[in-house]
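S.K.: The listed protein sequences correspond, in order, to chains A and B.
Under the working numbering, the first residue of the first sequence carries the number 712, and numbering increases by one thereafter.
Under the working numbering, the first residue of the second sequence carries the number 712, and numbering increases by one thereafter.
Just so you know, these hints were derived from the structure itself, not from any lab.
Treat each hint with caution, since some may be false.
Since the list can't tell identical chains apart, any single copy or any two copies may satisfy a pair.
Using 27 Å as the maximum straight-line C-alpha spacing, the simulated BS3-like pairs for lysine-lysine come out as follows [to be verified]:
#1 LYS806 with LYS737
#2 LYS892 with LYS969
#3 LYS940 with LYS892
#4 LYS1055 with LYS1102
#5 LYS1025 with LYS895
#6 LYS806 with LYS764
#7 LYS882 with LYS892
#8 LYS969 with LYS1078
#9 LYS1099 with LYS955
#10 LYS737 with LYS1096
#11 LYS737 with LYS1102
Remember, it's a predicted structure, so these values are computed and weren't measured experimentally.
Number of protein chains: 2
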Amino acid sequence: QGTRDHPPAQAALRERLLRTVVSCFKRHGAAAIDTPALELRETLMGKYGEDTKLIYELQDQGGELLALRYDLTVPFARYLAMNKVNNMKRYHVAKVYRRDNPATTRGRYREFYQCDFDIAGQFDPMIPDAECLKIVHEILSDLQLGDFVIKVNDRRILNGVFAVCGVPESKFITACSTVDKLDKVPWEEVRSEMVGEKGLSPEAADRIGEYVQLHGGLDLIERLLQDPKLSQNKLAKEGLGDMKLLFEYLTLFGITGKISFDLSLARGLDYYTGVIFEAVLLQQENEHVEELVGVGSVAGGGRYDGLVGMFDPKGRKVPCVGVSIGIERIFSILEQRLKASGEKLRTTETQVLVATPQKHLLAARLKLISELWDAGIKAEMLYKKDPKLLKQLQYCEDTGIPLAAIVGEQELADGVVKLRDVSTRQEV
Amino acid sequence: QGTRDHPPAQAALRERLLRTVVSCFKRHGAAAIDTPALELRETLMGKYGEDTKLIYELQDQGGELLALRYDLTVPFARYLAMNKVNNMKRYHVAKVYRRDNPATTRGRYREFYQCDFDIAGQFDPMIPDAECLKIVHEILSDLQLGDFVIKVNDRRILNGVFAVCGVPESKFITACSTVDKLDKVPWEEVRSEMVGEKGLSPEAADRIGEYVQLHGGLDLIERLLQDPKLSQNKLAKEGLGDMKLLFEYLTLFGITGKISFDLSLARGLDYYTGVIFEAVLLQQENEHVEELVGVGSVAGGGRYDGLVGMFDPKGRKVPCVGVSIGIERIFSILEQRLKASGEKLRTTETQVLVATPQKHLLAARLKLISELWDAGIKAEMLYKKDPKLLKQLQYCEDTGIPLAAIVGEQELADGVVKLRDVSTRQEV
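Generate coordinates for the entire structure from the input sequences, incorporating the hints supplied.
M.R.: Shown next as structure tokens:
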């Protein structure tokens, strides 16, 4: 349940998608690492808040207590701490596991790929953060997924907002998770959850509402930096100062057109400490693909400066910022788009089929195909002693093989091979 | 225990190795598939003989009872049966899991990659089987691992030998596993295990010994086809006839020089029904790499015509033959060879570092690098506002970046970029 086989057509589409994503990561100088799918259970516990219950645990068959990784971020932090790495720009493409109730039509599964890019190390502020946003912009543009917007916020600004609105610090995280729902439900509902379930005062909720419904660009940042209350809060001021710097860098990258500073963005995970961001596709009229898949987040990430320290015996901190590309959601969109277009994706790369027009020529085929393989040419033949020529050409058409190399009695006698272009039927 | 992180240098080497293997699979027209790492526990049970105890089981957290896959062959057979596929040439590169006692120095782990190529379908005899051997030959040659031999045998021949030597059919499988040890221990020990632990008569053991110590080529096949006892056994005769055909095809492929028909080859797994084979590297004098890793099997496979039927509700059979490349063993060899050579593998593909020679030029660097990324050029910069030029060039040397694109005040004024070849120090 919640897992699936990928037949060749899907595997080929996935390979094409991953190639685009990984080549962007490599364009930005990232190195690959690989970590086990199994982690010690204790490594994963206490990192995912409420979602800890979704972790798959292995049976205790003696030895260490193990679990399947829930994401690639915690294993990365564990890797950095364990290997005492202070600086690293890495990408990692691998499967992660969650005992979620799968909504497979929306591209949610219990086993799915994550594609992560992270920059670890102590650097001048906002330069790596800006690069992460540039990467999201490049990938979504390269994949031609249609219009999108990248929402940006900062946990420090959110915490500052909560503080100046009179929320006690112990309720920051829970308030965060309520604010995060603003992209799906109207403010009134969020407000009533704050007051009802979360126990905030109606006045505090109203004050929060004035802030978290704001979104804009550099102008909004400037305005909030002048805000009489917010500008008095140390965290918020720091966050807003960095946000301004971020927008400066994004302007130099030429991508502010797709960036929205959005105070309602909160993101679920506990470990973020600074900038957070999320890319969403915008609904396109007349495109029925979107209806099926649903629009929504296709990439997200942020800064987590405290996570590595949790795994280091001396609490040594390594600041990190990173992005995760929502490859499964994107895959569903591409898959449905491909289906709608009627285009047939080849599942193999075979360049030529070695064929014979008469019987008793298996030896000739085996000799020729062996020469082709040894020359690095992608070649196939039918596994029959005496296949009909028509069947062989049909196989080319079915699987998209462009050429047939034909050896018949005449060709053998002449010491030549007849090369046939399958689509034009031209022969040389 | 028994798992490991791959830091960038190892991940890069692994990527290079897998690229060689996968491009061979693609050269032979294989399509990729992907299956979950999780399988239903019942799918895996009863497929691996004694080694069933090595299967990792997931904790029962409600819902289906799951286990981690033990190899890629059983999931492939399950895939074929479930999707009613009758014909398929596929490859699959993925991690598998075994609760083994890891001997990590010999390249054995609890989580490791397998690289499998299999051909499923009803075809004329021995053509796909010959292609599997050709693939092993190509990959081991492409990887330049040194001299090797591919041992070939057939389960039907082995069973025929046991039958004519007076072994009861119920003891065929256990006799097989004893014979399989002949590559590691002398015949005397194998014989005493047969008589002692396995309860065969000394006479039967001696008769078996006369056969299983034989190895050779076409001449040996011909001789056994004339063998008064063996030629009377239906299974053995079938197996020998097919072996002869196989050698014919391998002769056309030009690879019989590295093939040895070896009656001691038995292979552990229960599911083989016909041809079996195993490639071993030959000890090379003066190469201390081999001492550490140990020589041994680097690829193996065979025909399993009954496995798919075990997963089909109607028992519908799909004959299969396939090969698994022992990528971990090969990886260990390449790794130690690389270490011995002193060669440093680049872990990134960055083509150019964007650098500045003076202060206050971060904006110029950000603008230039953004242009480079948008043009598809792999570029990096240091995440510092004002890095020293020497530090920037040092970074190029450390990470193997061949070029530095330098923008200073003069270049900005002139509207140019200075391009520096890091190794020759030439500038344009």
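S.K.: Take the hints in turn and mark each one as holding or not.
M.R.: Checked hints:
| no. | hint | in the structure |
| --- | --- | --- |
| 1 | LYS806 with LYS737 | both (20 Å within a copy, 23 Å between copies) |
| 2 | LYS892 with LYS969 | within (21 Å within a copy, 65 Å between copies) |
| 3 | LYS940 with LYS892 | within (25 Å within a copy, 80 Å between copies) |
| 4 | LYS1055 with LYS1102 | within (21 Å within a copy, 50 Å between copies) |
| 5 | LYS1025 with LYS895 | neither (41 Å within a copy, 48 Å between copies) |
| 6 | LYS806 with LYS764 | both (18 Å within a copy, 25 Å between copies) |
| 7 | LYS882 with LYS892 | within (16 Å within a copy, 66 Å between copies) |
| 8 | LYS969 with LYS1078 | between (58 Å within a copy, 17 Å between copies) |
| 9 | LYS1099 with LYS955 | between (71 Å within a copy, 26 Å between copies) |
| 10 | LYS737 with LYS1096 | between (47 Å within a copy, 23 Å between copies) |
| 11 | LYS737 with LYS1102 | between (43 Å within a copy, 22 Å between copies) |
Checked against the numbered hints given earlier, the structure breaks only hint 5 and satisfies all the rest.
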